[in-house]
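Enquirer: Sequence:
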Amino acid sequence: MLKNKSLKSTPVSNIFLEKYMPQARGEFVKIYLLMLKHNISGELGISSTILASALNLLESDIINALNYWNDQGVLKLTKIDTMGNFDVEFLDLIEEPVNTKKEVDLLEALDSTSTKDMLKDIETLLARPLSPNEMSIYLNWQKEFGFSSELILILMEYCISKGKSDPRYIEKVALAWHDQKITNVEQAQNLIKKTEDKWLNIRKILTYLGINNTDIMKPQQDLIEKWLLIYKFPNEIITKACDICFERLSRADFKYIDGILTNWNKNNIRTLEDIALKDTKNSKNNNYQKNYIRNNNNDKSTPKFNNFEAREYDYDSLEKKLLGWDNDD
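Residue numbers for the sequence shown follow UniProt numbering, beginning at 1 and rising by one.
Treat the hints with care, since some could be wrong.
Dumping the calculated DMTMM-like pairs for lysine to aspartate or glutamate here, alpha-carbon to alpha-carbon at most 20 Å [to be verified]:
1) Lys143 - Asp117
2) Lys193 - Glu225
3) Lys194 - Asp222
4) Lys232 - Glu196
5) Lys204 - Glu225
6) Lys193 - Asp179
7) Lys172 - Glu150
8) Lys30 - Glu89
9) Lys162 - Glu196
10) Lys143 - Glu171
11) Lys226 - Asp258
12) Lys19 - Glu171
13) Lys37 - Asp92
14) Lys218 - Asp253
15) Lys198 - Glu186
16) Lys198 - Asp258
17) Lys194 - Glu157
18) Lys76 - Asp92
19) Lys232 - Glu273
Just so you know, these hints were derived from the structure itself, not from any lab.
With the sequences and hints as input, model every part of the structure.
Expert: Rendered as structure tokens:
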């Protein structure tokens, strides 16, 4: 018979430490390590609530981290029901084989002074050396997307200014720019300004709602973008809907606010004056209904004796009749 003894340590793959950890957000690394500890300990499961409490994070941070590591190929998430439960499998991390062709292309590209300068500038922005794989990715953008060195540097500066230095995120931005036919610095600057203006408005709305975390859930971001870009409501109209939500529910509810704004958009209510006019009309209608009901209730419940002709009685004569004194004998 073997007496099992629980491990007092958690083994972490060197590949994770060298390849995946440097590019990941700090809280994502903490979540991965704590989940790895629970997994190594042989526990049957763990809830996002417990993880969030242990790390002093939000449950949304836990979900975002799991999705991030799933996208990175570090974990494999498999949905098991409709209640938000998943099987979490820790995958074996394999070091990527060296691609000889990429190395040859990289050596050829490094003969160019402009290419060397671009890569050095990117390393300065990232505050770390680039891996050969990262260098190859950036150089391929020049070949496949037609991006100039200046355009790539602007793309890198934009992503890093948003606190996003993960290569996969940066690559997604590059693909998005390519899909939108961004080929020069001027087009990139116009797109960045448009995007920043949108996010400035989104941050204003979140701050008004008391939400300081800019990494909101995708459904909430979609709703705010609908209010701004599809309904084209100015911020003052959106904040007015937020005020109404607070007055009625005493909390922020995105779906409730969306219901108000969808109704206003349907009825072509575009300004604060339109809202005030609508409220005044509704108030008059409500007062009319209240007065109508009150008057009808008064007519039904109050008896009217104004037309009744009162009779006069001789009380002395009545008393004598009752006592039998009205007879002379």
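Enquirer: What hint numbers does the structure not satisfy?
Expert: No hint contradicted; all consistent.
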